[in-house]
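Undergrad: In case you want the letters, here they are:
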Amino acid sequence: QKEVEQNSGPLSVPEGAIASLNCTYSDRGSQSFFWYRQYSGKSPELIMFIYSNGDKEDGRFTAQLNKASQYVSLLIRDSQPSDSATYLCAVNAGYKLSFGAGTTVTVRA
Amino acid sequence: DAMVIQNPRYQVTQFGKPVTLSCSQTLNHNVMYWYQQKSSQAPKLLFHYYDKDFNNEADTPDNFQSRRPNTSFCFLDIRSPGLGDAAMYLCATSRELGRASYNEQFFGPGTRLTVL
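Chains A and B supply the protein sequences, listed in that same order. Count along the first sequence starting at 1, add 1338, and that's the number in the working numbering. Count along the second sequence starting at 1, add 32, and that's the number in the working numbering.
Capping the alpha-carbon separation at 30 Å, the derived lysine-lysine pairs in BS3-like fashion look like this:
1) A/Lys1380 x A/Lys1394
2) B/Lys84 x A/Lys1380
3) A/Lys1434 x A/Lys1405
4) B/Lys84 x A/Lys1434
5) B/Lys49 x B/Lys76
6) A/Lys1434 x A/Lys1394
7) B/Lys70 x A/Lys1434
8) A/Lys1380 x A/Lys1340
9) A/Lys1340 x A/Lys1394
10) B/Lys49 x B/Lys84
11) A/Lys1405 x B/Lys76
12) A/Lys1340 x A/Lys1434
13) B/Lys76 x A/Lys1380
14) B/Lys70 x B/Lys49
15) B/Lys70 x A/Lys1380
16) B/Lys70 x B/Lys84
17) B/Lys70 x A/Lys1340
18) A/Lys1434 x B/Lys76
19) B/Lys76 x A/Lys1340
20) B/Lys76 x A/Lys1394
21) A/Lys1434 x A/Lys1380
22) A/Lys1405 x A/Lys1340
23) A/Lys1405 x A/Lys1394
24) B/Lys49 x A/Lys1380
Sample of chain A residues at the chain B side, in silico, Cβ under 8 Å:
25) Ser1381
26) Leu1426
27) Asn1430
28) Phe1437
29) Ala1439
Keep in mind that the hints were calculated from the coordinates and are not lab data. Every residue, glycine too, gets a C-beta built ideally from N, C-alpha and C.
Start from the sequences and build out the full structure, keeping to the hints where you can.
TA: Here it is, written out as structure tokens:
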């Protein structure tokens, strides 16, 4: 089993819709979780982090964490063409981050 | 602005010709990381430094070495690049280590390495 798994993409959503990204992790001891956005040919950019169970909102982004289910998600509301990118889920595995393979999101104008 | 800087942004080398990539940070973070990322794959950790302590991932080839002469700078040396080493190389920093710490990692812009 991979340490971090993300829902397979690509995910195509119309402009203005909600994009929903999912991530599960295997290490029950993980305590911090991150979402990075990566545009093609660019480096990952941290957009959200969450440490506590529940929801965390930042602008159009909402991260949700359920440690009991070992599940973390990212919602992008009112999706814009500029949100078209690959989204990487990362889990703090102690001395390093374990990354998922990423979900590519395309927002259709 | 505090940041992570990588030079060069693009590097072309010949098969077997040594190459050095550099990373500097103004965040004063204790930890610096080097990742290799190939197309459509997750970043793969090569090694990290906690201050001066070097930590190699078990599956990092011997062809890859690193140096951290001071807190701000870290170098990635590829002794004999092969065609399979063509990738984006990412430097990242974080304040601390540990499962319980808030280990946001901040990435530099990356160096795209081409091997001819």
